[in-house]
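Visitor: What follows is the residue order along each chain.
2 protein chains.
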Amino acid sequence: MTEIKHLDSPYRQALNTEVRVIRRADGIPAPDVFTVTRGPIPSCPDGGVLVRVVVAAVDPAMRGWLSGESNYLTVPTGDVMRAEAIGEILDSRHADWHVGEFVYGVFGWQHYAAVGPAHLYWKIDLDVAPAPVWLGALGFNGLTAWFGLLHYGRPRRGETLVVSTAAGAVGSVVAGLAREAGLRSIGLTQGAEKLNRCRAMLGYDAALDYTAPDLRSALAAACPDGVDIFYDNTAGPIADAVFPLLNRGARVVQCGTVSVANWLPAPLGPRRERAMIVKRLSWHGFVISDHRDSFPEALAHLKRLFTTGSLDAQTEILDGLDAAPGALQYLYAGRNRGRLCIRP
Amino acid sequence: MTEIKHLDSPYRQALNTEVRVIRRADGIPAPDVFTVTRGPIPSCPDGGVLVRVVVAAVDPAMRGWLSGESNYLTVPTGDVMRAEAIGEILDSRHADWHVGEFVYGVFGWQHYAAVGPAHLYWKIDLDVAPAPVWLGALGFNGLTAWFGLLHYGRPRRGETLVVSTAAGAVGSVVAGLAREAGLRSIGLTQGAEKLNRCRAMLGYDAALDYTAPDLRSALAAACPDGVDIFYDNTAGPIADAVFPLLNRGARVVQCGTVSVANWLPAPLGPRRERAMIVKRLSWHGFVISDHRDSFPEALAHLKRLFTTGSLDAQTEILDGLDAAPGALQYLYAGRNRGRLCIRP
Numbered sequence: 349m350t351e352i353k354h355l356d357s358p359y360r361q362a363l364n365t366e367v368r369v370i371r372r373a374d375g376i377p378a379p380d381v382f383t384v385t386r387g388p389i390p391s392c393p394d395g396g397v398l399v400r401v402v403v404a405a406v407d408p409a410m411r412g413w414l415s416g417e418s419n420y421l422t423v424p425t426g427d428v429m430r431a432e433a434i435g436e437i438l439d440s441r442h443a444d445w446h447v448g449e450f451v452y453g454v455f456g457w458q459h460y461a462a463v464g465p466a467h468l469y470w471k472i473d474l475d476v477a478p479a480p481v482w483l484g485a486l487g488f489n490g491l492t493a494w495f496g497l498l499h500y501g502r503p504r505r506g507e508t509l510v511v512s513t514a515a516g517a518v519g520s521v522v523a524g525l526a527r528e529a530g531l532r533s534i535g536l537t538q539g540a541e542k543l544n545r546c547r548a549m550l551g552y553d554a555a556l557d558y559t560a561p562d563l564r565s566a567l568a569a570a571c572p573d574g575v576d577i578f579y580d581n582t583a584g585p586i587a588d589a590v591f592p593l594l595n596r597g598a599r600v601v602q603c604g605t606v607s608v609a610n611w612l613p614a615p616l617g618p619r620r621e622r623a624m625i626v627k628r629l630s631w632h633g634f635v636i637s638d639h640r641d642s643f644p645e646a647l648a649h650l651k652r653l654f655t656t657g658s659l660d661a662q663t664e665i666l667d668g669l670d671a672a673p674g675a676l677q678y679l680y681a682g683r684n685r686g687r688l689c690i691r692p
Numbered sequence: 349m350t351e352i353k354h355l356d357s358p359y360r361q362a363l364n365t366e367v368r369v370i371r372r373a374d375g376i377p378a379p380d381v382f383t384v385t386r387g388p389i390p391s392c393p394d395g396g397v398l399v400r401v402v403v404a405a406v407d408p409a410m411r412g413w414l415s416g417e418s419n420y421l422t423v424p425t426g427d428v429m430r431a432e433a434i435g436e437i438l439d440s441r442h443a444d445w446h447v448g449e450f451v452y453g454v455f456g457w458q459h460y461a462a463v464g465p466a467h468l469y470w471k472i473d474l475d476v477a478p479a480p481v482w483l484g485a486l487g488f489n490g491l492t493a494w495f496g497l498l499h500y501g502r503p504r505r506g507e508t509l510v511v512s513t514a515a516g517a518v519g520s521v522v523a524g525l526a527r528e529a530g531l532r533s534i535g536l537t538q539g540a541e542k543l544n545r546c547r548a549m550l551g552y553d554a555a556l557d558y559t560a561p562d563l564r565s566a567l568a569a570a571c572p573d574g575v576d577i578f579y580d581n582t583a584g585p586i587a588d589a590v591f592p593l594l595n596r597g598a599r600v601v602q603c604g605t606v607s608v609a610n611w612l613p614a615p616l617g618p619r620r621e622r623a624m625i626v627k628r629l630s631w632h633g634f635v636i637s638d639h640r641d642s643f644p645e646a647l648a649h650l651k652r653l654f655t656t657g658s659l660d661a662q663t664e665i666l667d668g669l670d671a672a673p674g675a676l677q678y679l680y681a682g683r684n685r686g687r688l689c690i691r692p
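Sequence lines, in order, name chains A and B. Throughout, my numbering is defined as the position within the first sequence, counted from one, plus 348. Throughout, my numbering is defined as the position within the second sequence, counted from one, plus 348.
One chain only, chain A, in its complex shape (with noise of 0.2 Å):
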């Protein structure tokens, strides 16, 4: 469907329109993982609330909950997709969380969803950002960008950072950070648009394409320093290339694995150990929701440096539930201009 029609009653439509997993996914999820369904509209539940969604996330982490593979968490067949979300609470029946209030949780891919107090993160203004900047800078890529590079990089005034997908949701807020943190930032990012974005918006101090033929050359060239710190957020050969140009003590924060399709089994690759002791590096894999006692601290950060212009937060919005199975695609190819959003 593409257009919502408003109704006299709270709710915009008399059914909701979900979004649901109909297979597991091999590799990047493709259209036919998802169905479009109808259904009731869900009622508010005891101890919970009734959202109308207004704008949701498409991540490249859904291709691990996707995946038949064991992975940190799942999105069992059957059910609406999960995807983090900006709501309205259009109804509730838990103290803390009033009608009329926006709100970030999860909600899914659908128009309407009915969640328990687990499902809601946190109430969010309004006046200081628009809803899907709530889901990106100001959201979980923001807290990620923060706690990745602050905490694992733990970046030090000179040193040399360099960021895989540079321009993506999580990129562009490391490279805001990296400014303020006084580093030298290099971005990979694929595509003259994007190169350009890295160079003239997000501030990166150089940016290169990541599929070109000399890049070792052209990355060794960008950081005659080395690399103290390896914000990765793709894996693969992308990772493979600046390896080499890890300098002693550097630190690789291990944010994501957007350029390997698929890892059952796991592909094979330069292996690490070596380069491990010789140069003394410390690596940390992480996810973001282990860490929410660091996140007032993150949010209150972030916030100042969104405010006051230092923070990018440029995001694309698809319009209606009918684009959502295709948006993993089209995310995965690198075609979106900012931090994806599906607008239901």
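If you're looking for bench data, these hints aren't it; they were derived computationally from the structure. Beta carbons: idealized from backbone N, C-alpha and C, even for Gly. Incorrect hints may have been included.
What the hints assert, rightly or not - Ranges of calculated distance between the beta carbons of each label pair, as one might list FRET restraints: (1) A:L474 - B:R564: 49 to 55 Å; (2) A:P613 - B:T559: 18 to 24 Å; (3) B:P561 - A:G674: 42 to 48 Å.
To be verified - Not everything, but these chain B residues come out facing chain A in the computed CB check (under 10 Å): (4) C392; (5) P572; (6) G574; (7) R596; (8) V608; (9) R620; (10) R622; (11) L629; (12) S630; (13) R652; (14) F654; (15) G657.
Go by the hints and put chain B onto chain A.
Guide: Same frame as chain A, but now just chain B:
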């Protein structure tokens, strides 16, 4: 030469015997990487000491020092082979070091060494332990075990530890520390004798032969609660068998890479990036000489363990420098029993 003759002079020989590097090693250093030469006994340098080498180390790390590839340390072709050793001070021109003292330092594979204070680590007390133990469990091996396990491994009582080259100079100390820390420890080694040593002498809760065809299933059976700390001295396929068993939040301590003969170029192995994230792993490589600040605490701890009989400190001593050129092949074949040394 095999016999050391006592002379009337303070020097027990008229000439120095030196094992020199004559070419770069490709993989495990063969005897033809070295030559045994004779030269004059050096005189005591200004600001330094002349030592008689009592016992000198044979270390897995020497392969890296002899390789043509980039390493944290290289012994140039033409030089006397670098080795840590215990020496007796025969002459001194330094106020802090006195004739008759025994000292741990870098003296090389030779009878006599003339060195400055940078090559002198610390004085040892032969009443606490015999000289070869000061080269191993109470030397850099012990310090390496202590720092890797306690600092990067961050053990918590009841966790499961896997150690590769479990019966080696470092692994045997890791085992003693693990028992004291209340870990369940599984040692990977090779051959019935070392397996027995791991179980009966070193205190591992289980020991497995890493060459067994069913290593993965044996390891899974030995680690019913998964693996929280992997103290890895081998890299390669042995590490590949451990990685799938790592628990969420597990720590990988990369101490050595002895199972991979050549890193130029790095061999291929299964990529770790996805596991890093999904399991929230932390992986650290280290070289113990970076961590001198922790030596006093570590050495006090290790001495306490040794004197109470909680630290296995078995050593095997090769007699005479003529054995030195073949010592690394012997070590890498895994034929030594305990910490391997040469008595010049």
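Visitor: Look at each hint and say if it fits the structure.
Guide: Do the hints match the structure? See the list:
no., hint, verdict
1, A:L474 - B:R564: 49 to 55 Å, "53 Å, holds"
2, A:P613 - B:T559: 18 to 24 Å, "22 Å, holds"
3, B:P561 - A:G674: 42 to 48 Å, "46 Å, holds"
4, C392, "35 Å, violated"
5, P572, "18 Å, violated"
6, G574, "13 Å, violated"
7, R596, "8 Å, holds"
8, V608, "7 Å, holds"
9, R620, "7 Å, holds"
10, R622, "4 Å, holds"
11, L629, "5 Å, holds"
12, S630, "5 Å, holds"
13, R652, "28 Å, violated"
14, F654, "26 Å, violated"
15, G657, "32 Å, violated"
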